[in-house]
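A.B. asks: So you can see what is in the structure, the chains are spelled out below.
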Amino acid sequence: MALFKRIRKIKAFDVFLVAGLTALALFMLLPIVFIINHAFKPQNELFLFPPTFFVKHPTLRSFELLFLHAGSDVVPFTRYLFNSVFVAGITLALVILFSAMAAYVLAKKSFPFKSLAMSLIMISLMFAPETVQIPRYLIISGLHANNTYFGHVLPYLASPVAVFLLIGFIAQIPNELIEAIKLDGASEGRIFTRLILPLSAPALATISIFTFQGVWTDVETSSLFMQDETMRTLAFYVNSLVSGLQNSVAGQNMAAAAGLLVFLPNLIMFLLFQRMVMATMVHSGVK
Amino acid sequence: MGNIVFKHIFKQYKGEDQPAVRDFHLQVEDGEFLVLVGPSGCGKSTTLRMLAGLEDITRGELYIDGKFVNYTSPKNRDIAMVFQNYALYPNLSAYENMALGLKLRKTPRHDIEQRVNRAARILEISHLLEKKPNQLSGGQKQRVALGRAIVREPKVFLMDEPLSNLDAKLRAQMRAEIIKLHGTIRTTTVYVTHDQVEAMTMGTRIVVMKGGVIQQVAPPRELYGAPANLFVAGFIGSPQMNFLEGTIQQRDGTDYFANRRFRLPVAPGHAADLRAGGRNLRQIVMGIRPEHAAILPPGTADDDERTVTGVVEMIEMLGADAYAYVKSGEQSLIVRTEAHTPLQVGDPVRIRIDMGKAHFFDQESGLSLRTSGDVSE
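As they're listed, the protein sequences go chains A and B.
For the first sequence, our numbering assigns the number 483 to the initial residue and increments by one for each residue that follows.
For the second sequence, our numbering assigns the number 25 to the initial residue and increments by one for each residue that follows.
No wet-lab data here; the hints were simulated from the structure.
Some hints could be false.
Said to hold, decoys possible - Straight-line C-alpha distance at most 35 Å; calculated DSBU-like pairs for lysine-lysine:
hint, chain 1, residue 1, chain 2, residue 2
1, B, K351, A, K596
2, A, K590, B, K156
3, B, K179, A, K590
4, B, K91, B, K204
5, B, K130, B, K193
6, A, K591, B, K99
7, B, K204, B, K155
Unchecked claim - Looking from chain B toward chain A, a few residues come up when the C-beta cut is under 7 Å (computed):
hint, residue
8, L78
9, P98
10, L124
11, G125
12, L128
13, R129
We treat Cβ as the ideally placed atom computed from N, Cα and C, and that holds for glycine.
Make a model of the complete structure from these sequences and hints.
C.D. replies: Okay, here's the thing in structure tokens:
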């Protein structure tokens, strides 16, 4: 009876919404399904026409080729992988640290030229990345950061989007909390680590997701600033694999497997942090 | 131990013409429960925040426990504060909230545990220590916030309207608990509120402020019985004191307070106060509290001079008592009566005023003209 009542309450529009959104979600899921299946296809299935979504005889052959046999001349695949993981990890940590520090000061402190600083950050949001490639190159080479991990990390450190997101978030942290912890004996450093960082966790999760995606899939730093092949990242390698081997029959396996490997960490990052993104708990301690 | 000295303290905010706090000069004794009370914007919170070190002092000197602390950072002033909105750290459990201050001060762990548990026992929140703030009710949050202050064992407690987010019943209960707590630990407390009932019930001494200036500093009884000026007289007491405008006139050797509608004989004890110092007696405000006026039963002999006539406009029932709002010409008077007095709106009544309890103020300066306390009529 109760079930019947609940069913009667459902409106036609709700049905339409749920059905429509489900269909859309499934459609958006297709490339993911494809990329996962593709990586496990044996050679002959890769070239089927019309192409299929689902793998019929799954095999790890593509991964074997990628890990054991691929690599340009002297650089093994694992070196690219290490570079990517290392660069992404360092960049993520530093972006979070710097953005949060900048945002805390801009949101909660008053000092001369504060609005000027804010406008400068705002302006920097307007430049398309392509327009700053040449100045970036000049800076990196001026600092002799070519072929170093520093050269990978530096272009990402100042993240206006992250700073803006965090300013909005930190501004919502009640001043009383900061005053309370001050009276409790915290220095500015402790206020930042004990209060601001934990309370900004949802915003930091969001920043982590998009920063990681940006760095992980970036080919610019590798192609412009790194002349030494051993310093280039996975994204660059996969990119060159896919574009360089378009007509090569043998390379397709590796491209398929590498595609999955580039995609997976993004997915993991997202699944890891999406619950934190939803959770906002800043206001639960005050009324 | 925890005495506080304010020496001519001023607070001037940038871009404002008037100082927010002007010449705040006061000494708070160790163990005192001092309440700062006043309408919003009177500078009471600013004063508290200067004491806490959250606001700079523009001019004047501040001493806590004999030490000059104008430029001492909040964490080195040995004070603890309870905020209006509790300000609990939402990411920490109740226990961690209370322990953080001690942890930041490098207190040994077993000591922290002991102090937090003792505070939790006093505040009856031992069973809540594992909970996060969002799992606590308003009253429980406030207890944790109090606990966070008392575990620190500071020289001075500062409380900034700690009860105003609670509902009426809980507020009365927490009020009693804070008084009890102060009785147990005897730490100097400075408490800010805009609620005169809270001020009257809690303070050992009350500072009434208005426009950044101290109006009067006195224990509750004195504040109620002998307000220094019109503002204090009107602010303390609910419903508020009745004010009547008039002049002092002499007739047949007796002083009368008179205006166009009535003529009331001033009690002899007060007449001398009024006459002293050659004051302008043409612009006088007489104040009388609702409980010092009474509605005479109908049919009482009409020979008492100390009466005013009027018409009942409204009756406010409070249970044991009732307040009758009586209109007398232009003037409205509030009179306390017993709840069972048979009164109807529109009834003509005669009000007997206890002139020995009357207060007299200079209309222009607002200052009280009464130097003796209550006298007989």
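A.B. asks: All hints, please: hold or fail.
C.D. replies: Quick rundown of the hints versus the structure:
{"no.": "1", "hint": "K351(B) with K596(A)", "result": "59 Å, violated"}
{"no.": "2", "hint": "K590(A) with K156(B)", "result": "25 Å, holds"}
{"no.": "3", "hint": "K179(B) with K590(A)", "result": "29 Å, holds"}
{"no.": "4", "hint": "K91(B) with K204(B)", "result": "29 Å, holds"}
{"no.": "5", "hint": "K130(B) with K193(B)", "result": "39 Å, violated"}
{"no.": "6", "hint": "K591(A) with K99(B)", "result": "18 Å, holds"}
{"no.": "7", "hint": "K204(B) with K155(B)", "result": "25 Å, holds"}
{"no.": "8", "hint": "L78", "result": "5 Å, holds"}
{"no.": "9", "hint": "P98", "result": "5 Å, holds"}
{"no.": "10", "hint": "L124", "result": "6 Å, holds"}
{"no.": "11", "hint": "G125", "result": "4 Å, holds"}
{"no.": "12", "hint": "L128", "result": "4 Å, holds"}
{"no.": "13", "hint": "R129", "result": "5 Å, holds"}
Consistency note: the structure conflicts with the earlier hints numbered 1 and 5.
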